[in-house]
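**Student:** So the chains spell out like this:
2 protein chains.
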Amino acid sequence: MNSQILRGHIVHAPKLGQLEIIENGCMLLEDGRIAGIWEKLPDAYKDVPQVDYSDRLIMQSFCDMHLHAPQYPMLGMGMDLPLIEWLNTYTFKTESRFADTEYAREVYRRLARELVDNGTTRVCAFSSLHLESTMILMEEFEKAGISGYVGKVNMDRNGSPELQETIENSIRDTYAWLDRCDPKANIKPILTPRFTPSCTNELMAALGKIAAEKHLYVQSHLSENTSEIAWVGDLHPDCPQYWDTYAKYGLWNDHTVMAHCVHSDQRERDAIKAHNVVVAHCPDSNVNLISGIAPIRQMLTEGIWVTLGSDIAGGAILPMMGVIAEAIRSSKCKRISSNWTTDFLSVAEGYYLGTTSGAHYFGGGDGFAKGDRLHAVVVDDRKYIDTARLSVRERFERAIYRAQTADIVAVYGEGKKIK
Amino acid sequence: MNSQILRGHIVHAPKLGQLEIIENGCMLLEDGRIAGIWEKLPDAYKDVPQVDYSDRLIMQSFCDMHLHAPQYPMLGMGMDLPLIEWLNTYTFKTESRFADTEYAREVYRRLARELVDNGTTRVCAFSSLHLESTMILMEEFEKAGISGYVGKVNMDRNGSPELQETIENSIRDTYAWLDRCDPKANIKPILTPRFTPSCTNELMAALGKIAAEKHLYVQSHLSENTSEIAWVGDLHPDCPQYWDTYAKYGLWNDHTVMAHCVHSDQRERDAIKAHNVVVAHCPDSNVNLISGIAPIRQMLTEGIWVTLGSDIAGGAILPMMGVIAEAIRSSKCKRISSNWTTDFLSVAEGYYLGTTSGAHYFGGGDGFAKGDRLHAVVVDDRKYIDTARLSVRERFERAIYRAQTADIVAVYGEGKKIK
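Going down the list, the protein sequences come from chains A and B. This note's numbering puts the first residue of the first sequence at 1, with every later residue one more than the last. This note's numbering puts the first residue of the second sequence at 1, with every later residue one more than the last.
Worth flagging that the hints you see were computed from the coordinates, not collected in a lab. Just to be clear, a hint being listed does not mean it is correct.
The list makes no distinction among identical chains, and a pair is therefore deemed to hold if it is satisfied within one copy or across any two copies.
[What the hints assert, rightly or not] 30 Å max Cα-Cα, derived DSSO-like pairs, lysine-lysine:
| hint | residue 1 | residue 2 |
| --- | --- | --- |
| 1 | K40 | K419 |
| 2 | K93 | K383 |
| 3 | K15 | K416 |
| 4 | K417 | K383 |
| 5 | K416 | K383 |
| 6 | K383 | K419 |
| 7 | K419 | K15 |
| 8 | K188 | K248 |
| 9 | K209 | K184 |
| 10 | K188 | K93 |
| 11 | K417 | K40 |
Bound conformation, chain A alone:
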């Protein structure tokens, strides 16, 4: 067994709003799994090799529960357009280039690198509709040490001439893709109907059948934008609400990830809760595309499982520390627009949503849980001014608001050092 001790200021969030800090702490890893955390190293382990991060912060790494990998080349651009226009003039064009596998290799290699460099170690990602490029995305994530789920996108209507499949190709490629996925890999497949307007009923039904047959999770979009919701209503006069269009075809299941849920009302939220559907809140994207501000505090009060997503490239912020800060800001905007009646997210709560809440999706425990493979970032904040003898709690908060890529000096994913 390979044992190792990490030393540093350990900061994790076992529960929503609860921050645990072990100043000058020690963490024992056994074969990459957390075997113990102490303020003072027990004598029994004093001969175990140590990595001393000394005055640096050892924090949980981040789970990005919604991102569009093929939109990475347009990250931080096109932000003056609303959702449907943005999709048609920018996004579909960008995604269509992933018919080219060499292009995909280059983009996905760089995306994987930037995710790891910023401490994102687990993802729930959309690929494009292209089978080969989806395989490449999975390979590049795996190679970089990222784990989680990647989905080949299904879309057989309302795309663009360059970006659409026939239903036959969509189903055939989905089966072919699933056959080629390595069941032992850390990157696993997830079914990914783009969103209801992109999929015929027949395709939705076929995907629902595959999900049941192969015990696969599902990810998609829900109630992001009011005109999108109206469009779904037109397409499905039989369904009272947007979520019903997924439920009708067996895609609304335990662990289904639904991005956005900005305009989910009480009935839709009840359905989310009842089916253990996971909300991937994408605060930056929702503001950039002027979709709205999701009622996150309300969802948390109702016991809904809320996680965070960068939603590259509707979101312009790839580092999840930035996404956490935007989630907090969004919740404050919600408080303002509710005439100061809704509570905002504290920094500790935002951190939990970006770490532990997502980790649960991948089978992880609460915070740095014993038995879990280590997912962590090491933050070196010593270049920032500290004339005030800051507490570790304060330095943690400052890291969320201020840390840049270069400040993340080490990253662990699945128990291995990957930066």
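The hints should help you fit chain B onto chain A, whose structure is shown.
**Tutor:** Leaving out everything else, chain B in the frame of chain A:
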């Protein structure tokens, strides 16, 4: 005369919403002043020494029109508290340490460095109430190559035991400070009553008198938060509105800078416009402290002079590119909360507010105006993915959303290279 040519992709904003891009352009500097911008260098200048920034972006540098220098040590912290609580438990304590001049030297030297490193070359800054530390702040800004205004804060009521002056000391120190300011320096004094609740009527009257006597500009806070406004109402039953409390004492003048103006209604906005008062919009601070979202689009439509401020440390973002992005996000939140009836700020508009609009305060022209001393940043974005053959326009937008400190590879202030 010292002549020089800079080459690169030149991006500037002469007017609100108007972006001018000179791809592979040339800029002639004569003694640090802009003497010409061309797509192709005229033959007459072909022997002038050149600095070739080649494929990098040469953009206007930024004006931070509201920041609290002594709050720098708490930047990115205390964000879970609302304004008045945050002032009392965090801010006043932090500022009181500037009685210590050695401490001030260390903090202000580092602040100046971080501002320049992030491309802020002109400021309108609050110091603390301390005379000696205010001199040190001015020196450190000057040394770093920053220009603009710094104000010794006046506050003789409602402070804390560690942070308050008597009216006599306040007036005496203000005169002493003004006497010591170097009239030839690039950092000039500005009168700075903290805000109405911090100043007795007698102090306000004395400062109004000094402003008139010495032809000084004034900066303060206005209508940031609803309980603050109510408090001002209690303190000044004679004044119909917050701004009247400044106007009454001769502090509401042409070029008075008022930070925030979040809750300024039509009458207050009319008074802002009529007196050529400058609004320093601080989007990040207003959201962090849950103050509200200022009606910036409305103000622009009404012809009000709007600029941007980081409001360190109510704002957690020092780099003005980040503040510009937050101004855009805030305007989008305003659009959402107005049921999609208010226009948001485009990227070009946000950039104008963070550059040219502030530059006007310091006598600068429109964009890279002929005759002006150069204020510029050079952004090296070549490490970001460019598989899509991005236009300079797109790269400019990406820089606003994504550039980190390390990507700003050169900075010019007052015609000199300062990074």
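**Student:** For each hint, tell me whether it holds in the structure or not.
**Tutor:** Structure-based check of each hint:
no., hint, in the structure
1, K40 to K419, "within (27 Å within a copy, 45 Å between copies)"
2, K93 to K383, "between (42 Å within a copy, 23 Å between copies)"
3, K15 to K416, "within (25 Å within a copy, 52 Å between copies)"
4, K417 to K383, "both (23 Å within a copy, 24 Å between copies)"
5, K416 to K383, "both (26 Å within a copy, 26 Å between copies)"
6, K383 to K419, "both (20 Å within a copy, 18 Å between copies)"
7, K419 to K15, "within (27 Å within a copy, 44 Å between copies)"
8, K188 to K248, "within (25 Å within a copy, 69 Å between copies)"
9, K209 to K184, "within (23 Å within a copy, 78 Å between copies)"
10, K188 to K93, "within (27 Å within a copy, 52 Å between copies)"
11, K417 to K40, "within (23 Å within a copy, 50 Å between copies)"
The structure is consistent with each of the numbered hints, conforming to all of them.
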